[in-house]
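Single-letter residue listing:
6 protein chains.
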Amino acid sequence: MEAWLPSLITATPQEGYELAIKLSRMAVKYTQPSAEVRAQLRPVYEKDADSLTAVSQVVAINFQTVAAANNYWK
Amino acid sequence: MEAWLPSLITATPQEGYELAIKLSRMAVKYTQPSAEVRAQLRPVYEKDADSLTAVSQVVAINFQTVAAANNYWK
Amino acid sequence: MEAWLPSLITATPQEGYELAIKLSRMAVKYTQPSAEVRAQLRPVYEKDADSLTAVSQVVAINFQTVAAANNYWK
Amino acid sequence: MEAWLPSLITATPQEGYELAIKLSRMAVKYTQPSAEVRAQLRPVYEKDADSLTAVSQVVAINFQTVAAANNYWK
Amino acid sequence: MEAWLPSLITATPQEGYELAIKLSRMAVKYTQPSAEVRAQLRPVYEKDADSLTAVSQVVAINFQTVAAANNYWK
Amino acid sequence: MEAWLPSLITATPQEGYELAIKLSRMAVKYTQPSAEVRAQLRPVYEKDADSLTAVSQVVAINFQTVAAANNYWK
Numbered sequence: 001m002e003a004w005l006p007s008l009i010t011a012t013p014q015e016g017y018e019l020a021i022k023l024s025r026m027a028v029k030y031t032q033p034s035a036e037v038r039a040q041l042r043p044v045y046e047k048d049a050d051s052l053t054a055v056s057q058v059v060a061i062n063f064q065t066v067a068a069a070n071n072y073w074k
Numbered sequence: 001m002e003a004w005l006p007s008l009i010t011a012t013p014q015e016g017y018e019l020a021i022k023l024s025r026m027a028v029k030y031t032q033p034s035a036e037v038r039a040q041l042r043p044v045y046e047k048d049a050d051s052l053t054a055v056s057q058v059v060a061i062n063f064q065t066v067a068a069a070n071n072y073w074k
Numbered sequence: 001m002e003a004w005l006p007s008l009i010t011a012t013p014q015e016g017y018e019l020a021i022k023l024s025r026m027a028v029k030y031t032q033p034s035a036e037v038r039a040q041l042r043p044v045y046e047k048d049a050d051s052l053t054a055v056s057q058v059v060a061i062n063f064q065t066v067a068a069a070n071n072y073w074k
Numbered sequence: 001m002e003a004w005l006p007s008l009i010t011a012t013p014q015e016g017y018e019l020a021i022k023l024s025r026m027a028v029k030y031t032q033p034s035a036e037v038r039a040q041l042r043p044v045y046e047k048d049a050d051s052l053t054a055v056s057q058v059v060a061i062n063f064q065t066v067a068a069a070n071n072y073w074k
Numbered sequence: 001m002e003a004w005l006p007s008l009i010t011a012t013p014q015e016g017y018e019l020a021i022k023l024s025r026m027a028v029k030y031t032q033p034s035a036e037v038r039a040q041l042r043p044v045y046e047k048d049a050d051s052l053t054a055v056s057q058v059v060a061i062n063f064q065t066v067a068a069a070n071n072y073w074k
Numbered sequence: 001m002e003a004w005l006p007s008l009i010t011a012t013p014q015e016g017y018e019l020a021i022k023l024s025r026m027a028v029k030y031t032q033p034s035a036e037v038r039a040q041l042r043p044v045y046e047k048d049a050d051s052l053t054a055v056s057q058v059v060a061i062n063f064q065t066v067a068a069a070n071n072y073w074k
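As you go down the protein sequences, you meet chains A, B, C, D, E and F in turn. Residue numbering for the first sequence follows UniProt numbering, beginning at 1 and increasing consecutively. Residue numbering for the second sequence follows UniProt numbering, beginning at 1 and increasing consecutively. Residue numbering for the third sequence follows UniProt numbering, beginning at 1 and increasing consecutively. Residue numbering for the fourth sequence follows UniProt numbering, beginning at 1 and increasing consecutively. Residue numbering for the fifth sequence follows UniProt numbering, beginning at 1 and increasing consecutively. Residue numbering for the sixth sequence follows UniProt numbering, beginning at 1 and increasing consecutively.
Chain A extracted, bound-state conformation (with noise of 0.2 Å):
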């Protein structure tokens, strides 16, 4: 895997909320290397709400260790 997570120190919420995005698709880009088959999965869970709300749970997670490494951007 190429170097992806340089550091959990963002300079806004914002961008660490997006962090946390990224460290929920990464789990599955790990579990899951062939882009085909993600990219044919995508369709599926992007129209249904508990699938959505499952994804939002994840990145709510990894929002969690984000927003404490940067000490809540205080």
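Keep in mind that the hints were calculated from the coordinates and are not lab data. Just so it is clear, the structure is predicted and the values come from calculations on it, not from any experiment.
Copies of the same chain look alike in the list, so a pair counts if it fits in one copy or across any two.
Straight-line distance between alpha carbons at most 20 Å, and here's what the computed EDC-like set of lysine to aspartate or glutamate pairs gives:
| # | residue 1 | residue 2 |
| --- | --- | --- |
| 1 | K22 | E36 |
| 2 | K29 | E2 |
| 3 | K74 | E15 |
Assemble the complex: chain A is given as a structure, and chains B, C, D, E and F must be docked to it using the hints.
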């Protein structure tokens, strides 16, 4: 994405809770950018008890982050 | 939404737990504002073991927040 | 509801774990106050592996709270 | 229940992880005390990918607790 | 089980994330020790969007632990 998260600091616990709701919704918006599709999904999950509980769980996780950022408004 | 969360501080652990229940319910109320629809959903999930466990999980997450806010009532 | 949670402090880790189990059950009791209905649900989830895992997850979350309250019994 | 949790302190991270597995299983044992029933459930969930992921999630939550108790073995 | 977790400390955030993936997989290995069975399960969950999201959630929880152990690599 436009700027939407300038800070995790809020004046009151209730505003913090409402920010947690926003954080929960934004992951869905990033994953499913189409407002039209999101509008189609709403009637499904808003009448499903388990879907609503799942939404509430994501809000609870995000509220942990917001509450910690605000030192629990103490 | 009316004011409903003036503080996370409670006098006792039990009141804190009951606040966690309230926090869990409010996300549902924000997402499904219709009291009528919510009343229709209640008979479903209150007789489903897995639904009740899911509710209990959300309460547990919110109770972490309330307990931390109260320094665990120590 | 009668008084049932005077404190999060316990003498031992095991008593803390058992308090976490109680905390997990109480949210169910608050949501479904009928002992009769709860008794009907028990035979279902206690023979379902996924239901039992879900119960274990709620206990794990509550145990985090109880353990932190007791400074991990150190 | 016999004594089974004298301490959260372990000599190594790996022993801590194994304690997290034990913590995850004990909630199941408290909820379903019959060793016979638990033995019947095992062949089901141990061949179901989603069940195994759910087990892994409970272990992850308990490992957070054990790791914090041991100050991350630093 | 052989020694597999000497430390939670890693040189970089990315190595920490990869350790979180390993932690997530080890609970599955402890629960289902047969490499053959695990190999049979892989084609199922690696093509199921919800299964992949669930895996990503476990990684996120373990990454919280690893990140805290490393003081967020600050």
